[in-house]
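A.B. asks: Sequence:
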Amino acid sequence: ALELLDELGIADRKNVYPAALSGGERQRVAVARALMNRPALLLADEPTGALDSHAGEQVMDLLIDLNELGQTLLLVTHDQRLATRCASRLVTMADGRIIGERTLERSA
Numbered sequence: 018a019l020e021l022l023d024e025l026g027i028a029d030r031k032n033v034y035p036a037a038l039s040g041g042e043r044q045r046v047a048v049a050r051a052l053m054n055r056p057a058l059l060l061a062d063e064p065t066g067a068l069d070s071h072a073g074e075q076v077m078d079l080l081i082d083l084n085e086l087g088q089t090l091l092l093v094t095h096d097q098r099l100a101t102r103c104a105s106r107l108v109t110m111a112d113g114r115i116i117g118e119r120t121l122e123r124s125a
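Just so we're aligned: the sequence shown equals residues 18 to 125 in the numbering used here.
In case anyone wonders, no lab produced these hints; they're calculated from the structure. We put the CB at the ideal spot given by N, CA and C, even for glycine. Errors might be hidden in some of the hints.
What the hints assert, rightly or not - Between beta-carbon pairs, the in silico distance windows are:
hint: 1; residue 1: Thr101; residue 2: Ala47; range: 33 to 41 Å
hint: 2; residue 1: Leu83; residue 2: Leu107; range: 15 to 23 Å
hint: 3; residue 1: Arg106; residue 2: Asp82; range: 26 to 34 Å
hint: 4; residue 1: Ala51; residue 2: Ser105; range: 15 to 23 Å
Construct the complete structure from the given sequences, taking the supplied hints into account.
C.D. replies: Following this line, the structure appears as structure tokens:
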């Protein structure tokens, strides 16, 4: 657990009560909690939405690294750049309907 908190840049906050954490810190704790049990499928709904750009990069780097190690990741985002950075398959939706689907080459 501490290793995950360290990778997400919040290990120094491990003894702080949740009410004293910022929204971004709470979101990173939620990511660490989701990863603790090494789920077969990780569902990530806007995992960087409340984070500043640096913290968002830390979270996405961790998720991408885990995906490359075999972790299945289903990511929901409005950020096209983020989607194309980490996806091998991209499904586009509008008004609750699938309007596009394509396979991508993962960028570095």
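A.B. asks: If a hint holds in the structure, say so; if it does not, say that too.
C.D. replies: For each hint, the structure was consulted:
Separated by about 24 Å at the C-beta atoms, threonine 101 and alanine 47 break the suggested range of 33 to 41 Å. Checked against the given bound of 15 to 23 Å, the beta carbons of leucine 83 and leucine 107, roughly 19 Å apart, stay inside it. Range check, arginine 106 to aspartate 82: about 19 Å between beta-carbon atoms, so the 26 to 34 Å window is missed. Taking 15 to 23 Å as the suggested C-beta distance range, the pair alanine 51 and serine 105 conforms, at roughly 20 Å.
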